[in-house]
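K.L.:
Chain residues, written in single-letter form:
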Amino acid sequence: MNATKLIARKEAGELLLNLRGLIWLMAVAVALSAFGMLLISDTELSLLDNAQVVYDMAGIVTALGALLALIVGIDAVAGERERGSLVPLLLTPASRGAILGGKLGGVAIAWAVMYALSLPYLWAVGSTGQNMLDGMLVAALLGTPVVLGFGFFGMGLGSVAGSARAALLVGLVTLVVSVSPLLLGPSLRQSAIGRMFDAVNPFSAAVNAYDAVIIDSQSIVAQSFHMLVAAIWLVLTLVFARVSFRKIAR
Amino acid sequence: MLLKIEDLRLSLGGNRILHDVHLELRGGQIYGLIGPNGAGKSTTIAAALGLLVPDGGSINILGQTSGADDPDVRRRLGVLPEKNGFYDWMTAEAYLMFFASLYSQPLTQSQVASRLTKVGLEPRAGQSIGTFSRGMRQRLGLARALIGDPALLLLDEPTNGLDPRGRREIHDLLLDLAKSGVGILLCTHLLDDVERLCQRIGIIVNGKTVAEGDLGELIRERGHLSRFHLRLAGELPTDVDNNGISSIVAREGEWLIVEVDAGTRPDEIWRELLFSGWPIVEIRRNGGGLEDLYFSLTERVAA
Amino acid sequence: MKLLAFVVATGLALVVPAAFASPLTISLQPATTNPASPQMGDNLSFHSIIRNDGTAPVDGVIAWISLVQVDKGKEQPVDLEDWSAHKAVTAVDLEPNAIVETDWPMRLIQAGQYRVVISAASRSGSELTTSPFANFTVRQKPVVESLRILPIALGIPLVLAGAIVWRRRRHGKDG
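Chains as they are written, first to last, in the working numbering: chain A, 306 to 555; chain B, 2 to 304; chain C, 784 to 958.
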């Protein structure tokens, strides 16, 4: 098995076999469960169109996925460095590129696990409503580059920041700003600055695509502009991670 | 020559950390790199490993001047860093197998078992590393450093956290490795370890090498013999052979005060004396040797 | 004299309101397709007919739907935000004897007893015209989708908690 695959497998183990990783997954599941329980306990929410609920759930899955990927990415570099397990890895014959590739693979595995975890929730809230399958597909197509981008961004931050805490602070602020379209009212998003931000924000691209496909029943193919924004985000964060990781010292 | 560093200069964050470090290590040698806290020992090792980029000087490691970035160099290199972290959720066995695979030398279970036996961890092969004590982690780190059958070992405080028996076991392991031709750079605060293990030493103070070379010669050059007090249970044999003792300074009751040539190992001298019939029941060190040399050099520079 | 003043006042009271009374009349009927015993989540529709019974055209008619809850102790006007997207018709000009028919669909959001009424005003008229009330009762709906959501919302965290406990036990055994 090549070094990249070996390290990716190790990173997957960090998430699925390590107590810390299991607790993170548990936190994600509890958040999704809390939203699900809110739906059945709150009268008005329980009467929302299924499409609206699937849309909301897809948005929450993407936001939580981005949070998990950010934490996994930061921990894969800055966390390992602070625990003292990064230097022995850097000193093996495996190239920096292979090590980085393995860690990026770890972020991808974390998202895959989280996406799989979210599918039962999407089914539970939307199986009698419209566009559930399209919703799952668009969450995979748009959610994946957005979430992975945050993971790669976390790895880049972990490489350049002085500590895992500093990297986490910067990462969380960036995430909150990006997720703000979910929190801001429609009128704020309609301002000139709001529209400009919406056009370049990868999270907005994902959420707008979910709206179009799940609620307005548009085709997934018609979301190519949103996919382009998400893809550009993915590429930029990958370059950032690569450049930063190569410079990492002890 | 496995490792040669000349005139090494390195700055971090605008501060000059190293400004004149040099050392030479050949195969089969154990080299002790010592100095006060913050002197630059770990920084020197990090530079040798290519983890820090020096401002000047030269580093030749395993025949490569490009440094330890070369995968072929890293394949022949074993490192035990100062901060020794692991993947706590893995077993010791899985951990060594993981690293062995990265060295393109996948190990069978029996091979892993023999590696763990060498460092005294075989009974714990199937246990999570998270349950290991500090000493066990240190042993596992050493096992990891030996994974690729390295030609050069760089060890930063290898006996950290080990009990006296554990320290002795690691010493014996390092001596065996040196006998088989491995070059070992040992970075440590424990002067006893250096005296027992090292043929060559380098003393770094404030980022500068203040003494470097053969241990015995350095001590002799600077006039530091090791003085010991030996408590005797009886009279010395009539055909006294001094066996490495430079001089008998004085006899005070049951105590014999001797000076020992610093080029030899004291414990080998005591073994020979005991075989010769010397009735030694207690040995106390009383200054001299590497300790005096170290204190005199570090005080001088600090002043 | 007093009798004359009384006759004049009575006459004015009869004549003046008649001159300024709204020429509009509104009828309101529930749709025939409405469920007999509606519950939360059902859709109801009401049909109104606004007629100009006057002799002159009425310009700029605005008609809107209002809903009040009349359960004892919970009397309140209802915000139609979630109930209906169709809350008014506007800018209607009605010739004499002309009518405008409007359907008023709504989704029943909350259980209770309700009264719905259609109100109308015009650009120059001075009085409000209202329809008769249409009354309906909305039954409580059982908790929805719980059979799907509960097993997932409780089951998945339980499985993960089990994995955490197993992992901790294994960790402890190793020690």
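Please note that a few of the clues may not be correct.
Quick look at which bits of chain B chain A covers, simulated, 3 or more residues with Cβ under 8 Å [claimed, not checked]:
1) 72–82
2) 86–96
3) 100–106
Pairs of lysine-lysine, DSSO-like flavour, derived with a Cα cap of 30 Å [stated by the list, open to error]:
4) Lys-870(C) with Lys-855(C)
5) Lys-84(B) with Lys-209(B)
6) Lys-180(B) with Lys-119(B)
7) Lys-209(B) with Lys-552(A)
8) Lys-5(B) with Lys-310(A)
9) Lys-5(B) with Lys-552(A)
10) Lys-84(B) with Lys-180(B)
11) Lys-84(B) with Lys-552(A)
It should be emphasised that the hints constitute simulated quantities derived from the structure, not laboratory data. Ideal Cβ placement from N, Cα and C applies to all residues, glycine included.
K.L.:
Each hint needs a verdict: does it hold in this structure or not?
P.N.:
Here is how each hint holds up against the structure:
Residue count for the stretch 72–82 of chain B with a Cβ under 8 Å from a Cβ of chain A: 7. That meets the three needed, and the coverage hint holds. Chain A is given as covering the stretch 86–96 of chain B, and this holds because 6 residues of the stretch bring a CB closer than 8 Å to a CB of that chain, at least three being needed. With a cut-off of 8 Å between beta carbons, the stretch 100–106 of chain B has 5 residues touching chain A; three or more are needed, and the interface restraint holds. For the given pair, Lys-870(C) sits about 26 Å from Lys-855(C) by alpha-carbon distance, which is consistent with the 30 Å threshold.
Straight-line distance between C-alpha atoms of Lys-84(B) and Lys-209(B) comes to about 23 Å, which keeps the hinted pair within the 30 Å bound. Of the supplied pair hints, the one linking Lys-180(B) and Lys-119(B) holds, its CA atoms being roughly 16 Å apart against a limit of 30 Å. Between Lys-209(B) and Lys-552(A) the CA atoms are separated by roughly 26 Å; this keeps the pair inside 30 Å, and the hint holds. Restraint check: the Cα-Cα separation between Lys-5(B) and Lys-310(A) comes to about 35 Å, which exceeds 30 Å; the hinted pair is violated.
For the given pair, Lys-5(B) sits about 25 Å from Lys-552(A) by alpha-carbon distance, which is consistent with the 30 Å threshold. The hinted pair formed by Lys-84(B) and Lys-180(B) meets the criterion: a straight-line CA distance of about 28 Å does not exceed 30 Å. Taking the CA atoms of Lys-84(B) and Lys-552(A), the gap is about 20 Å. The hint holds against a cut of 30 Å.
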